[in-house]
Each structure stands twice: as structure tokens, then as C-alpha cells.
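Q: Using the sequences and the hints, build the whole thing.
The primary structure of each chain is shown beneath.
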Amino acid sequence: KAGVTQTPRYLIKTRGQQVTLSCSPISGHRSVSWYQQTPGQGLQFLFEYFSETQRNKGNFPGRFSGRQFSNSRSEMNVSTLELGDSALYLCASSLDPGQVYEQYFGPGTRLTVT
Amino acid sequence: GENVEQHPSTLSVQEGDSAVIKCTYSDSASNYFPWYKQELGKGPQLIIDIRSNVGEKKDQRIAVTLNKTAKHFSLHITETQPEDSAVYFCAASPTGNTPLVFGKGTRLSVIA
Numbered sequence: 036k037a038g039v040t041q042t043p044r045y046l047i048k049t050r051g052q053q054v055t056l057s058c059s060p061i062s063g064h065r066s067v068s069w070y071q072q073t074p075g076q077g078l079q080f081l082f083e084y085f086s087e088t089q090r091n092k093g094n095f096p097g098r099f100s101g102r103q104f105s106n107s108r109s110e111m112n113v114s115t116l117e118l119g120d121s122a123l124y125l126c127a128s129s130l131d132p133g134q135v136y137e138q139y140f141g142p143g144t145r146l147t148v149t
Numbered sequence: 706g707e708n709v710e711q712h713p714s715t716l717s718v719q720e721g722d723s724a725v726i727k728c729t730y731s732d733s734a735s736n737y738f739p740w741y742k743q744e745l746g747k748g749p750q751l752i753i754d755i756r757s758n759v760g761e762k763k764d765q766r767i768a769v770t771l772n773k774t775a776k777h778f779s780l781h782i783t784e785t786q787p788e789d790s791a792v793y794f795c796a797a798s799p800t801g802n803t804p805l806v807f808g809k810g811t812r813l814s815v816i817a
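Those sequence lines, one after another, are chains A and B. Residue numbers are given in my numbering: position 30 of the first sequence equals residue 65, and the series is strictly consecutive. Residue numbers are given in my numbering: position 19 of the second sequence equals residue 724, and the series is strictly consecutive.
What the hints contain is simulated information worked out from the structure, not anything from laboratory work. Hints are supplied without guarantee of correctness; some may be wrong.
Unchecked claim - Computed list of lysine-lysine pairs in DSBU-like fashion (alpha-carbon distance at most 35 Å, straight line):
1) K776/B / K92/A
2) K48/A / K773/B
3) K762/B / K92/A
4) K776/B / K727/B
5) K762/B / K727/B
6) K742/B / K763/B
7) K773/B / K92/A
8) K92/A / K809/B
9) K773/B / K742/B
10) K763/B / K92/A
11) K763/B / K48/A
12) K727/B / K809/B
13) K747/B / K762/B
14) K763/B / K809/B
15) K742/B / K48/A
16) K747/B / K92/A
17) K762/B / K742/B
18) K92/A / K742/B
19) K742/B / K727/B
20) K776/B / K48/A
What the hints assert, rightly or not - If you anchor each label on the Cβ, the simulated ranges turn out as follows:
21) E137/A / N772/B: 19 to 25 Å
22) T147/A / R756/B: 36 to 42 Å
23) S731/B / G97/A: 26 to 32 Å
24) L751/B / P43/A: 21 to 27 Å
25) T88/A / E788/B: 36 to 42 Å
26) N94/A / N772/B: 28 to 34 Å
27) N106/A / E788/B: 33 to 39 Å
28) N94/A / S814/B: 18 to 24 Å
29) K92/A / N772/B: 16 to 22 Å
30) Q76/A / T783/B: 27 to 33 Å
31) S814/B / S86/A: 38 to 44 Å
Stated by the list, open to error - Over 12 Å on every C-beta distance to chain B, these chain A residues come out as not near it, computed from the model:
32) K48
33) E87
34) N106
The model shown is predicted, which means the values in this text are computed figures rather than measured ones. For each residue, glycine too, the CB sits at the ideal point set by N, CA and C.
A: Here it is in C-alpha cells:
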């Protein structure tokens, strides 16, 4: 069974631009979560989607947004990029929320903002 | 909200020795505690997890213990090998419906 896939793997953007990252969950998984990983802050939760609806949202500004499609694939968007947005963005999928669940991570998208 | 503390931040062991990483959490409602291994250039990989109704779980050379009274849980790796070198993260879920809260990570180096 294929794992979580994320595209692109690497991205370089300029301050003020916007970016869209994509995540395809493990087949059969319907919940997708996004995390930001930085050396200083570690892994921080951005948001979670299930059935095309945002279930949970972390403490990030409104410049960070996401969505989920009917096939469970998800995208996240960051507008008006800042230098501090440089990070590894990780997507994780799980079967279903509502119970204690296992999350499986993709390889991440390395975003560099210059 | 939940807060997870992880120690040590770095750990070096000789090949064949054991390694222990400890985490404490603050929210007594947390009931799910996974451990992830992250190698360079890769995403975190789930290696073992434990739920609040279990005190210990083993999978070959790795084991996790949970003390709900003291609100801490630990990862034990026995007979360490060079390929165990990676960053290890603990996490806690306040409830089954809320996201994982991660520790800051432990960089484990196994010296051959």
C-alpha cells in the first residue's frame, strides 16, 4: 500500500508570494492533518480535515489555509509569505477521527522563503 | 492545553547498548502516546504507540512504558544499531478527537 505522498518536495519562494502544497493520503484514510516543523518550534499542528471539513485548527495566522477534496486529497495554502514561514510542512493521514487514531506522515515539503 | 516535555535533547550510545528517552505530559485526559522516528530528509515514521489502558508495550528491540499517575512515558531501545541513529519524537493526544502535541525531539547517535 502506498504511503502518504506530498508534492512538491522542495520549493523556493520570495517574500510576499503565495504557495500551495499538496497531500495525498494513504488509500482508505479519510482524515488529513498538516504540521509545520522548524528547528526552533518543533512540530506544530496547523489544521485537520475530514470529509472536506476542517475539524481542528492550530494557532497559526489566517494566511495559512487548507482544504480537502472528495477523494480525501488535501491542499494547504500560505499567502503573503514571510521569511519565518520557511519550514518543513508535513502532512499526516489517518483512517478516521473520532477514536484514538494512528497518524502516518508523508516525507514533507521543504519550503524556503527568501 | 497539553504540553509535552522530552529529555534528553541529544543522546549518544555505543552500539549494542540501550537507549532511553523520557517524556512528560501535562493533560491527565491524554490517552494516546505515539513515538516517531525521523531520519534525515524524511517524514516522521510511527515506530510504536501506547494507549492509556496499557502500562507497557514491546515490539522486538523497542518498548514503551507509561505511568499515568506520574504522567510520563518512556521509549526504550535495546541492542542499539547504527541504523537507530535518528531524531525521535514523543507525542500525546489529549483526546482521540484532538491533534497530537509533540515533544521537541531527541537526537540519538549510535556509535559503532
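Q: Please go over all the hints and tell whether each is borne out by the structure.
A: Structure-based check of all given hints:
| no. | hint | in the structure |
| --- | --- | --- |
| 1 | K776/B / K92/A | holds (26 Å) |
| 2 | K48/A / K773/B | violated (45 Å) |
| 3 | K762/B / K92/A | holds (31 Å) |
| 4 | K776/B / K727/B | holds (11 Å) |
| 5 | K762/B / K727/B | holds (15 Å) |
| 6 | K742/B / K763/B | holds (16 Å) |
| 7 | K773/B / K92/A | holds (27 Å) |
| 8 | K92/A / K809/B | holds (20 Å) |
| 9 | K773/B / K742/B | holds (23 Å) |
| 10 | K763/B / K92/A | holds (33 Å) |
| 11 | K763/B / K48/A | violated (44 Å) |
| 12 | K727/B / K809/B | holds (12 Å) |
| 13 | K747/B / K762/B | holds (25 Å) |
| 14 | K763/B / K809/B | holds (23 Å) |
| 15 | K742/B / K48/A | holds (29 Å) |
| 16 | K747/B / K92/A | holds (24 Å) |
| 17 | K762/B / K742/B | holds (17 Å) |
| 18 | K92/A / K742/B | holds (25 Å) |
| 19 | K742/B / K727/B | holds (14 Å) |
| 20 | K776/B / K48/A | violated (42 Å) |
| 21 | E137/A / N772/B: 19 to 25 Å | holds (22 Å) |
| 22 | T147/A / R756/B: 36 to 42 Å | holds (38 Å) |
| 23 | S731/B / G97/A: 26 to 32 Å | holds (28 Å) |
| 24 | L751/B / P43/A: 21 to 27 Å | holds (24 Å) |
| 25 | T88/A / E788/B: 36 to 42 Å | holds (40 Å) |
| 26 | N94/A / N772/B: 28 to 34 Å | holds (29 Å) |
| 27 | N106/A / E788/B: 33 to 39 Å | holds (36 Å) |
| 28 | N94/A / S814/B: 18 to 24 Å | violated (33 Å) |
| 29 | K92/A / N772/B: 16 to 22 Å | violated (32 Å) |
| 30 | Q76/A / T783/B: 27 to 33 Å | holds (32 Å) |
| 31 | S814/B / S86/A: 38 to 44 Å | holds (43 Å) |
| 32 | K48 | holds (20 Å) |
| 33 | E87 | holds (18 Å) |
| 34 | N106 | holds (21 Å) |
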